[in-house]
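Taking the hints into account, I'd like the entire structure generated from these sequences.
There are 8 protein chains.
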Amino acid sequence: MTPDQLKLLLDSVKEGTVPVEQALERLRQLPFQDVGCAQVDHHRELRQGMPEVIFGEGKKDEQIIAIMGAMAENGSNVLVTRIDADKAQRIQRTFFGALYHANARCLTLEQRPAEAKGRGTILVVSAGTSDLPVAAEALVTARFLGNEAEHIYDVGVAGIHRLLARHEELAAASVIIVVAGMEGALPTVVGGLVDKPVIAVPTSIGYGAAFGGIAALLGMLNSCAAGVTVVNIDNGFGAACAASLINRA
Amino acid sequence: MTPDQLKLLLDSVKEGTVPVEQALERLRQLPFQDVGCAQVDHHRELRQGMPEVIFGEGKKDEQIIAIMGAMAENGSNVLVTRIDADKAQRIQRTFFGALYHANARCLTLEQRPAEAKGRGTILVVSAGTSDLPVAAEALVTARFLGNEAEHIYDVGVAGIHRLLARHEELAAASVIIVVAGMEGALPTVVGGLVDKPVIAVPTSIGYGAAFGGIAALLGMLNSCAAGVTVVNIDNGFGAACAASLINRA
Amino acid sequence: MTPDQLKLLLDSVKEGTVPVEQALERLRQLPFQDVGCAQVDHHRELRQGMPEVIFGEGKKDEQIIAIMGAMAENGSNVLVTRIDADKAQRIQRTFFGALYHANARCLTLEQRPAEAKGRGTILVVSAGTSDLPVAAEALVTARFLGNEAEHIYDVGVAGIHRLLARHEELAAASVIIVVAGMEGALPTVVGGLVDKPVIAVPTSIGYGAAFGGIAALLGMLNSCAAGVTVVNIDNGFGAACAASLINRA
Amino acid sequence: MTPDQLKLLLDSVKEGTVPVEQALERLRQLPFQDVGCAQVDHHRELRQGMPEVIFGEGKKDEQIIAIMGAMAENGSNVLVTRIDADKAQRIQRTFFGALYHANARCLTLEQRPAEAKGRGTILVVSAGTSDLPVAAEALVTARFLGNEAEHIYDVGVAGIHRLLARHEELAAASVIIVVAGMEGALPTVVGGLVDKPVIAVPTSIGYGAAFGGIAALLGMLNSCAAGVTVVNIDNGFGAACAASLINRA
Amino acid sequence: MTPDQLKLLLDSVKEGTVPVEQALERLRQLPFQDVGCAQVDHHRELRQGMPEVIFGEGKKDEQIIAIMGAMAENGSNVLVTRIDADKAQRIQRTFFGALYHANARCLTLEQRPAEAKGRGTILVVSAGTSDLPVAAEALVTARFLGNEAEHIYDVGVAGIHRLLARHEELAAASVIIVVAGMEGALPTVVGGLVDKPVIAVPTSIGYGAAFGGIAALLGMLNSCAAGVTVVNIDNGFGAACAASLINRA
Amino acid sequence: MTPDQLKLLLDSVKEGTVPVEQALERLRQLPFQDVGCAQVDHHRELRQGMPEVIFGEGKKDEQIIAIMGAMAENGSNVLVTRIDADKAQRIQRTFFGALYHANARCLTLEQRPAEAKGRGTILVVSAGTSDLPVAAEALVTARFLGNEAEHIYDVGVAGIHRLLARHEELAAASVIIVVAGMEGALPTVVGGLVDKPVIAVPTSIGYGAAFGGIAALLGMLNSCAAGVTVVNIDNGFGAACAASLINRA
Amino acid sequence: MTPDQLKLLLDSVKEGTVPVEQALERLRQLPFQDVGCAQVDHHRELRQGMPEVIFGEGKKDEQIIAIMGAMAENGSNVLVTRIDADKAQRIQRTFFGALYHANARCLTLEQRPAEAKGRGTILVVSAGTSDLPVAAEALVTARFLGNEAEHIYDVGVAGIHRLLARHEELAAASVIIVVAGMEGALPTVVGGLVDKPVIAVPTSIGYGAAFGGIAALLGMLNSCAAGVTVVNIDNGFGAACAASLINRA
Amino acid sequence: MTPDQLKLLLDSVKEGTVPVEQALERLRQLPFQDVGCAQVDHHRELRQGMPEVIFGEGKKDEQIIAIMGAMAENGSNVLVTRIDADKAQRIQRTFFGALYHANARCLTLEQRPAEAKGRGTILVVSAGTSDLPVAAEALVTARFLGNEAEHIYDVGVAGIHRLLARHEELAAASVIIVVAGMEGALPTVVGGLVDKPVIAVPTSIGYGAAFGGIAALLGMLNSCAAGVTVVNIDNGFGAACAASLINRA
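Protein chains in written order, with full-length UniProt numbering: chain A, 1 to 249; chain B, 1 to 249; chain C, 1 to 249; chain D, 1 to 249; chain E, 1 to 249; chain F, 1 to 249; chain G, 1 to 249; chain H, 1 to 249.
What the hints contain is simulated information worked out from the structure, not anything from laboratory work. Hints should not be assumed to be uniformly reliable.
A short list of chain C residues far from chain E (calculated; beta carbon distances all over 10 Å) [said to hold, decoys possible]:
1) K59
2) Q63
3) A72
4) E73
5) D86
6) Q92
7) H101
8) R112
9) E148
10) Y207
With the Cβ distance kept under 8 Å, some of the chain E side facing chain G (calculated, not the full set) [said to hold, decoys possible]:
11) K14
12) G58
13) L217
14) N232
In this text, a Cβ means the ideal position worked out from N, Cα and C, and glycines have one as well.
And the structure:
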């Protein structure tokens with residue numbers, strides 16, 4: 001609820017076109033809808049510039065269906081993340097048009113073409129073969145949010161020449177998402193080569209003292225390349241949201 | 001060293017205007033200068049879009065002076081971060097024009113006006129009075145890098161109305177840096193109100209189970225507001241670098 | 001065993017109505033009953049104001065049945081927490097009147113109506129859909145202990161207006177339990193809006209650097225809203241016990 | 001800002017007694033005052049039932065004086081916590097009536113007698129001699145907020161009879177704050193003896209694997225006595241705020 | 001190999017009854033036997049006062065059988081710990097006389113009655129029903145090593161009177177092993193009541209911030225009862241070994 | 001308060017020689033004395049077999065003097081641990097006979113010769129020169145509690161022959177305390193050579209990933225030598241208390 | 001790409017035998033091959049002295065087959081690590097000559113005999129039976145890389161004589177890899193006996209406070225035997241790579 | 001004590017030239033010397049190939065002097081590490097010929113020229129200016145142990161071209177020690193460029209989530225460049241010892 005909307009409402013109250021009780025009600029109930037297990041937030045797109053997204057992990061089939069239903073009726077496109085193939089298949093029985101992205105573990109329902117909003121390309125760079133699912137989540141999300149998105153893979157720092165050979169693609173991007181596990185050094189090297197915002201995504205890939213992504217997370221937070229920012233472990237979705245906000249015209 | 005530069009050099013070698021040995025030498029020595037304790041990187045501005053900055057902590061007076069000297073001779077503006085008042089005062093005896101920013105613990109030497117590069121305003125929002133120094137570091141850095149920058153302070157989440165009252169300023173920014181210690185919840189609330197990139201800076205403010213900023217850092221990494229990215233604890237400088245890259249025209 | 005009871009016993013010993021050996025025995029054996037794997041504590045209700053509750057996790061069927069049996073014979077109502085549907089079903093074969101609460105993973109056996117003890121309403125506020133089971137455990141427990149209890153759900157801090165719209169319900173409660181995972185910021189925001197005791201329950205919901213609830217736990221312990229207290233991760237039961245003691249007339 | 005106040009304001013707008021612009025302004029500016037480094041929140045007492053308190057650690061003399069000044073002019077009583085003797089003495093030169101509590105490291109300025117609000121006694125129980133300062137902070141805060149408060153000290157669990165001998169005092173309290181370092185077991189034992197809300201405060205006392213209070217904090221969070229809630233390490237102030245809200249009539 | 005044995009060997013060498021090469025060989029090969037996957041240490045009983053025990057976890061059937069075989073042929077009694085029912089059953093097909101202790105997850109093969117070595121009783125005290133398996137491992141081990149051993153169970157500190165009622169048994173023991181999870185406070189309370197060595201065993205029982213036994217472990221290490229020593233989480237076996245060495249005549 | 005004493009008291013109450021009120025009072029007040037900041041526990045020696053000891057760290061001069069005074073008047077010997085030279089010197093002005101042990105940072109006041117209670121020798125083995133203070137604390141405490149105590153130093157595992165050469169002394173001890181920092185492997189090697197109880201004391205000696213003793217603590221808890229028990233980091237005092245209880249006749 | 005190769009290429013460009021565009025292309029594309037999910041690095045053997053190895057964990061069958069295929073076509077020998085028996089069997093259907101090493105969980109495809117490169121023997125020493133798989137991975141890798149490799153097993157520090165008896169084998173090695181879990185003390189003891197490089201491999205073997213290998217890792221990092229270096233938990237492969245580089249003639 | 005020496009001793013005993021008692025004594029006392037606070041190990045050079053080195057931190061002047069004296073009398077060269085300028089100056093009053101290395105915080109006493117033992121050059125590569133002291137400790141140690149040693153500094157991964165330009169020096173080394181703080185990525189990049197053993201030294205340089213070197217340590221342990229081994233945080237000395245053993249002819 002923006003100040004402009006508040007002012008408009010207050011004006012209406014003053015002019016008597018909106019009674020006080022009704023104004024109170026609108027202040028309270030407009031922006032969301034109760035679907036039994038959740039308050040679906042129809043105004044998030046207005047307020048934050050992107051639609052509410054359903055985090056699938058830990059939610060039951062019927063909960064996801066209820067929330068998707070409320071959003072779909074409102075005409076919104078829908079993205080469900082962290083959803084496995086079985087659950088997705090069951091939900092597709094209710095929403096025939098929904099598309100499952102196996103690598104990314106995402107389900108999308110697009111009722112209208114994603115509006116092209118970005119002013120450039122979001123480039124996703126990933127380190128090893130095992131980091132591909134997180135990179136895929138970032139790609140699906142970035143495109144769902146109306147961006148051009150490209151992918152460079154398997155360019156870990158232990159063979160630095162593989163990365164250096166892709167310099168032109170790095171230079172052409174408007175934002176770069178770098179996905180890496182193990183020691184998480186790739187964002188630093190990328191950040192040192194370009195003058196673009198770099199968003200680092202640590203992955204839980206690795207073993208032993210990788211500690212499920214802590215090593216990569218700490219490596220990225222301590223990057224000696226100024227200008228690198230970090231999101232949560234395996235959070236390809238969050239990185240793509242941030243990249244999308246940055247890529248706005 | 002960009003592919004274009006490499007191509008130019010190879011062309012010159014082919015045409016014979018640059019001998020092979022000299023080409024090798026240029027490939028090796030051009031971009032940095034040895035000052036005894038450091039390799040000053042004069043090409044970082046070209047490569048990364050911002051000049052090399054001196055991290056003052058743990059460096060001796062003579063080391064800072066040597067690096068500043070090499071940069072100053074090259075005509076660059078210079079920023080030294082994490083430098084206390086005593087050390088700054090001693091260094092100002094060599095560089096008369098250097099300016100000390102006490103709150104931010106930064107020293108700047110501006111030989112030419114910072115070139116205005118940003119397309120909008122970087123807004124720094126901080127939670128408590130004790131978070132002011134980190135916010136100040138972000139402000140000084142953002143301005144040094146050629147951005148407009150503003151500040152909203154003392155708007156912690158325990159009194160949420162203080163933040164809501166500043167909604168217009170939040171909406172007017174092109175990037176928002178949110179600085180907070182303790183539970184680090186402020187970036188999430190800000191991120192939920194706006195459609196702008198939000199960079200979260202955890203501070204080491206707090207006590208007991210704040211663990212020197214870990215609580216705030218984890219809070220920010222786990223933000224339920226999609227699109228928030230995070231930098232290292234107390235790293236106002238890094239946040240401003242990222243914000244500056246995002247704010248480019 | 002209270003001082004009053006001790007005095008009474010000593011008086012009886014003095015008067016000779018209770019022999020010394022018998023007094024020793026009563027001091028030793030009165031308050032609990034050995035059921036082979038546990039010492040059932042029949043006096044806890046007198047001493048602590050609430051009956052002993054069975055923590056179901058890691059206990060075998062026969063152990064739960066033995067303890068429930070001893071409590072049921074004593075006329076007590078029984079609550080078993082952290083018990084999955086299969087185990088509950090097997091136990092219901094012995095205790096026909098027992099009721100299973102699937103969301104809360106609790107089993108209750110009420111032999112007499114819960115005595116209404118509370119002076120007001122305990123309000124449970126939860127952040128996301130995935131936090132519902134912990135909230136449910138708190139609700140079942142609060143009601144089992146004789147309190148009125150209500151629930152507000154899906155009011156996470158990234159959409160702060162959803163919470164603000166429920167201000168009246170917040171203001172009407174006598175104690176508020178706030179259940180949240182991820183960054184755990186909700187108790188702080190609630191605590192800043194009301195003048196009621198707030199008990200924060202971190203949940204293990206989240207991924208990556210949520211570390212199974214550590215991020216939320218730290219966030220809540222470092223809350224900048226004075227007056228918030230915290231219980232263990234996912235401990236809806238404990239929060240309800242504390243709320244019940246506070247809600248006593 | 002309560003719904004009642006909002007309704008009153010809307011009524012005034014409707015009746016025309018308050019112009020729209022002025023209503024907007026009041027919604028924005030009423031509750032706090034900018035003193036240069038902080039936004040002093042004059043409505044916290046109305047909203048949260050206790051005045052804003054100044055956390056002294058990390059604040060400069062002039063910052064504390066500015067905030068205290070704004071609060072004092074407003075007629076409020078003032079409490080500054082975590083302030084050492086030297087800083088307190090310098091501030092007392094500006095506020096002659098301020099009183100320093102050395103054990104508790106608190107400074108109070110009482111312009112009117114604390115209004116008696118509690119319905120019973122808050123009892124502070126502490127484990128060892130080294131835990132006294134944290135207990136003292138809790139006592140000073142509890143009394144500042146208008147409560148009766150008493151203290152039992154040096155009753156650690158390794159000599160359990162010392163605690164058992166104080167059973168009557170424990171039973172007479174309306175809320176109990178238990179302060180303990182090292183293994184932090186005291187709240188569990190107290191919680192097992194009484195039917196009152198118990199707030200546990202871990203202290204940073206101990207050495208080696210006490211890890212600055214982590215051992216005590218974990219011990220308290222894992223208390224097997226249902227109904228114990230926990231605050232941050234060394235946070236006597238927070239415990240007293242929570243106890244005060246519970247102790248309200 | 002003790003100094004006495006070394007002296008005897010050297011004397012034999014001097015007297016010529018043992019050739020130098022043979023002495024070298026005995027020094028090298030006597031004390032252990034290679035069974036393909038392990039070096040069975042037949043002298044441990046002489047050297048350390050207790051036979052080598054097989055840690056079953058992570059060992060394959062054939063490895064356990066090979067080691068047991070070598071020990072059995074040597075006439076030793078054998079104890080296998082951390083072995084599940086299925087694996088034990090398969091191994092019993094080779095060693096008919098072996099006995100499986102289901103609660104303790106131990107397998108014993110006693111070829112001769114355990115020699116009674118202890119001068120008193122080892123008392124195992126455990127806190128909750130879920131701690132029983134660890135207590136059982138301690139009991140089986142203590143008896144296997146030739147000690148009298150007794151058990152008191154379900155005497156957690158939240159109902160301190162249950163423990164106080166067993167004071168005579170506590171006082172009669174020569175060593176006390178205290179097994180507890182969650183906050184791990186029981187050893188401190190026991191240690192404060194008796195003048196006997198107390199060995200504390202943290203268990204992995206608990207949830208949330210119990211962190212698989214870390215809370216209990218830290219609580220025990222920080223015990224304010226002097227004289228409590230600690231073993232690894234869930235290490236009932238190790239506690240019984242230590243208790244057995246202490247209980248020697 | 002033992003069951004025998006309780007029985008005697010009950011008999012007296014029955015016979016009328018002790019009135020009920022007085023019995024209650026004795027049950028409550030006998031065993032300790034309030035000295036303003038502490039409850040001095042005069043019965044600990046009876047109950048636990050060793051006198052109360054004053055932990056000096058974090059206590060003020062006057063607090064230590066008050067507690068020492070109460071103990072000295074009662075005729076007890078007094079041990080103060082963790083007390084630096086300056087504080088000790090100030091306290092010696094009140095207690096002329098007190099002796100300061102600089103290496104061990106202990107102060108002792110012996111009013112009567114320590115009663116010889118041990119049945120053998122407590123041997124303290126320490127790894128490096130930097131571990132000497134912790135070893136000294138163990139030695140002073142062991143002797144204060146009436147034991148014979150000896151010391152072997154600088155026998156770290158990186159030069160294993162230094163330890164092997166002292167085999168006879170190891171074999172002659174009745175209990176062995178092993179003090180080591182860094183990787184903390186010495187107790188395992190000692191435990192593998194002898195059939196005596198071994199108490200391991202990790203020290204905070206080391207750097208980097210020694211983490212103030214955590215590495216040594218973990219090493220000792222995971223010792224593959226069965227029968228090793230562990231105390232807190234740097235806790236030479238606690239190790240000596242445990243050793244003393246074990247060494248009792 | 002070495003300087004020599006760069007010089008050769010530049011010479012060719014100068015002489016006109018290689019056109020500029022083609023040189024650019026070679027600089028970019030020579031060293032690796034895109035197989036859809038990975039960039040196979042054919043030059044690693046030239047650059048780093050050992051072929052690229054496939055880390056099998058988390059890779060799908062078709063991914064491993066694609067990478068193996070590219071490497072096999074290039075004539076390379078192939079090593080796949082961390083691959084379970086089922087997956088290996090499926091892959092062997094494509095590569096008939098591939099050999100599965102069950103203990104080591106490795107798959108090797110040797111198209112030509114491994115070139116003997118080592119100047120001495122790599123000795124793998126392991127502590128317990130449960131550490132065998134990690135030791136096996138080290139052995140398979142060392143031999144794959146062209147080294148002589150031997151194994152000593154079950155020589156843990158709790159029976160130090162078992163290790164001392166193998167002194168000649170230790171002295172004869174050129175590099176020693178020491179594999180140990182639990183307290184991880186074996187590398188220190190070995191390092192104290194020999195004048196050879198010792199590479200320590202912590203294993204995740206142990207329980208409770210072993211924390212999946214952290215205890216062993218910290219023990220090894222804090223080794224008091226100078227000259228011990230450490231690799232990641234369970235990283236037998238990495239240890240063998242380092243040993244192989246050291247063992248080069 | 002090697003097997004050869006043992007055989008010789010046994011032969012002498014057999015021939016009667018060495019009495020049994022004297023043989024026992026030699027087995028016990030030969031290799032070290034008691035200087036009151038330490039057992040100086042004169043045979044370490046024979047056994048481990050390098051002299052015992054004194055770790056200065058936490059040792060008193062007189063302790064260092066006693067140990068140095070015993071070593072100097074034996075004709076050994078002496079190295080003291082982790083010693084500050086003041087302590088070094090006081091010790092130089094006793095040992096006139098001792099030389100203090102301020103950057104490295106080392107003191108050396110060379111009574112005879114270091115014997116040249118290495119077959120190649122040890123190259124120390126460091127990342128930032130703040131890492132210089134750790135690199136200096138490695139350099140001083142490597143040279144003290146008889147190796148050629150060189151240094152490349154300020155070649156962090158954020159400006160990867162600075163490192164690539166030094167490729168020839170990297171290729172010419174026989175062992176490379178890489179010193180880096182912050183994210184610790186430099187060893188991985190170096191390890192990917194060369195076919196030489198790389199020893200990584202994490203430094204405690206960095207702030208916030210660098211956690212005193214943990215971030216760098218984890219980064220190095222998780223290096224995706226096979227063949228990198230790691231030593232403790234800031235342990236330049238240990239790295240040089242390992243490099244020296246590797247560099248032996």
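Hint by hint, here is what the structure shows:
For C/K59, the non-interface assignment is contradicted: its Cβ lies about 6 Å from the closest Cβ of chain E, within the 10 Å cut-off. For C/Q63, the condition that its CB be more than 10 Å from all CB atoms of chain E is violated, with the nearest at approximately 6 Å. Once the 10 Å rule is applied to beta carbons, C/A72 is consistent with being away from chain E; the minimum gap is 17 Å. At roughly 18 Å, the least C-beta separation between C/E73 and chain E is larger than 10 Å, which holds for a residue marked as non-interface.
With a minimum CB-CB distance of about 19 Å to chain E, C/D86 clears the 10 Å threshold, and the non-interface call stands. At the 10 Å boundary, the C-beta of C/Q92 stays outside the reach of chain E, the nearest C-beta of that chain being 20 Å off. Against the 10 Å criterion, C/H101 stays outside the reach of chain E, whose nearest CB is about 18 Å from its own CB. Taking the minimum C-beta to C-beta distance to chain E, about 24 Å, the non-interface status of C/R112 holds against the 10 Å cut.
At roughly 27 Å from the closest C-beta of chain E, the C-beta of C/E148 stays outside 10 Å, upholding its exclusion from the interface. Every beta carbon of chain E lies more than 10 Å from that of C/Y207, the smallest distance being close to 17 Å; the non-interface claim holds. Given hint, E/K14 at the interface with chain G, is violated; its Cβ is 23 Å from that chain's nearest Cβ, farther than 8 Å. Proximity of E/G58 to chain G holds as hinted, the smallest CB-CB distance being about 4 Å (cut-off 8 Å).
Contact between E/L217 and chain G, as hinted, is supported at the beta carbon level, the nearest pair being about 6 Å apart and thus within 8 Å. Satisfaction of the interface hint for E/N232 is found here, the shortest Cβ-Cβ separation to chain G being roughly 4 Å, below the 8 Å cut-off.
In this structure, the earlier hints numbered 1, 2, 11 are contradicted, and the remaining ones agree with it.
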